[in-house]
Amino acid sequence: GNSVTQMEGPVTLSEEAFLTINCTYTATGYPSLFWYVQYPGEGLQLLLKATKADDKGSNKGFEATYRKETTSFHLEKGSVQVSDSAVYFCAISPRSWGKLQFGAGTQVVVTP
Amino acid sequence: ETGVTQTPRHLVMGMTNKKSLKCEQHLGHNAMYWYKQSAKKPLELMFVYSLEERVENNSVPSRFSPECPNSSHLFLHLHTLQPEDSALYLCASSPFGVAIYGYTFGSGTRLTVV
Chain A
1 GNSVTQMEGP
11 VTLSEEAFLT
21 INCTYTATGY
31 PSLFWYVQYP
41 GEGLQLLLKA
51 TKADDKGSNK
61 GFEATYRKET
71 TSFHLEKGSV
81 QVSDSAVYFC
91 AISPRSWGKL
101 QFGAGTQVVV
111 TP
Chain B
1001 ETGVTQTPRH
1011 LVMGMTNKKS
1021 LKCEQHLGHN
1031 AMYWYKQSAK
1041 KPLELMFVYS
1051 LEERVENNSV
1061 PSRFSPECPN
1071 SSHLFLHLHT
1081 LQPEDSALYL
1091 CASSPFGVAI
1101 YGYTFGSGTR
1111 LTVV
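Residue numbers (this note's numbering), protein chains in the order written: chain A, 1 to 112; chain B, 1001 to 1114.
Just so you know, the hints here were simulated from the structure itself, not pulled from any lab data. Don't take each hint at face value.
The calculated DSS-like cross-link candidates involving lysine-lysine, where the alpha carbons are at most 27 Å apart (straight line), are [unchecked claim]:
1) B/Lys1040 to A/Lys77
2) A/Lys77 to A/Lys52
3) B/Lys1019 to B/Lys1036
4) B/Lys1036 to A/Lys99
5) B/Lys1040 to A/Lys99
Stretches of chain A that chain B covers, calculated by requiring three or more beta carbons in the stretch to come under 8 Å of a beta carbon on chain B [said to hold, decoys possible]:
6) 7 to 13
7) 75 to 89
Listed next, with one range per pair, are the computed distances between beta-carbon atoms [to be verified]:
8) A/Glu15 to B/His1026: 33 to 41 Å
9) A/Asn59 to B/Arg1110: 23 to 31 Å
10) B/Thr1016 to A/Glu16: 49 to 57 Å
11) B/Phe1096 to A/Gln45: 17 to 25 Å
12) B/Asn1017 to A/Lys52: 31 to 39 Å
13) A/Ser79 to B/Glu1067: 42 to 50 Å
14) A/Tyr39 to B/Pro1008: 13 to 21 Å
15) B/Thr1080 to A/Glu16: 47 to 55 Å
16) A/Ser79 to B/Glu1084: 21 to 29 Å
17) A/Val82 to B/Pro1042: 24 to 32 Å
No residue lacks a Cβ here, since even glycine has one placed at the ideal position from N, Cα and C.
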């Protein structure tokens, strides 16, 4: 079956540090890949996406590259801010008409 | 504002009450979803509606009753809930072509059952 595995949190780091959140998936075919972010007290927001191998999604300084050979979609940001404190969810869509499958989420805490 | 509006934002209800959660989208999306988000647990998909027809019901207790009267509105009717039902309830919508566009989520309803 399809599945998404994310690194467990919380991830705690200082402002301006480098952030990486690992995400690997299991799926048949060529899924689309997504990162969502959930700020405290809010719903999930689409952060970035990639729909085919080697695509790089980017938004708000975050980047992730679709790595088919390692079935991964790791999220990175070069210099985090306190405002990046949130829960980050990796998700896959195995088929164009299928529903999203979410990882368990990774909480990120950025301290001043 | 995401384009998906959930009301109310917060709800406190007793175990014998009946209440409803409302979700509204005017994005022209064809599918709508209810998720439950509890502390320290993964997102739980509860119901999926596609073109106003329920296409998925993930073993949700009957005290939760969804309704989709049209493609823009989704309700979750609640009755005789238990304290363990306290959670953030999220509504989402998507067009055909989920793999390209993903979901759009509402801000959620924080439900507390006392």
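Hint check:
{"no.": "1", "hint": "B/Lys1040 to A/Lys77", "verdict": "holds, 25 Å"}
{"no.": "2", "hint": "A/Lys77 to A/Lys52", "verdict": "holds, 21 Å"}
{"no.": "3", "hint": "B/Lys1019 to B/Lys1036", "verdict": "holds, 16 Å"}
{"no.": "4", "hint": "B/Lys1036 to A/Lys99", "verdict": "holds, 16 Å"}
{"no.": "5", "hint": "B/Lys1040 to A/Lys99", "verdict": "holds, 23 Å"}
{"no.": "6", "hint": "7 to 13", "verdict": "violated (count 0)"}
{"no.": "7", "hint": "75 to 89", "verdict": "violated (count 1)"}
{"no.": "8", "hint": "A/Glu15 to B/His1026: 33 to 41 Å", "verdict": "holds, 38 Å"}
{"no.": "9", "hint": "A/Asn59 to B/Arg1110: 23 to 31 Å", "verdict": "holds, 27 Å"}
{"no.": "10", "hint": "B/Thr1016 to A/Glu16: 49 to 57 Å", "verdict": "holds, 52 Å"}
{"no.": "11", "hint": "B/Phe1096 to A/Gln45: 17 to 25 Å", "verdict": "holds, 21 Å"}
{"no.": "12", "hint": "B/Asn1017 to A/Lys52: 31 to 39 Å", "verdict": "violated, 49 Å"}
{"no.": "13", "hint": "A/Ser79 to B/Glu1067: 42 to 50 Å", "verdict": "holds, 46 Å"}
{"no.": "14", "hint": "A/Tyr39 to B/Pro1008: 13 to 21 Å", "verdict": "holds, 19 Å"}
{"no.": "15", "hint": "B/Thr1080 to A/Glu16: 47 to 55 Å", "verdict": "holds, 51 Å"}
{"no.": "16", "hint": "A/Ser79 to B/Glu1084: 21 to 29 Å", "verdict": "violated, 41 Å"}
{"no.": "17", "hint": "A/Val82 to B/Pro1042: 24 to 32 Å", "verdict": "holds, 26 Å"}
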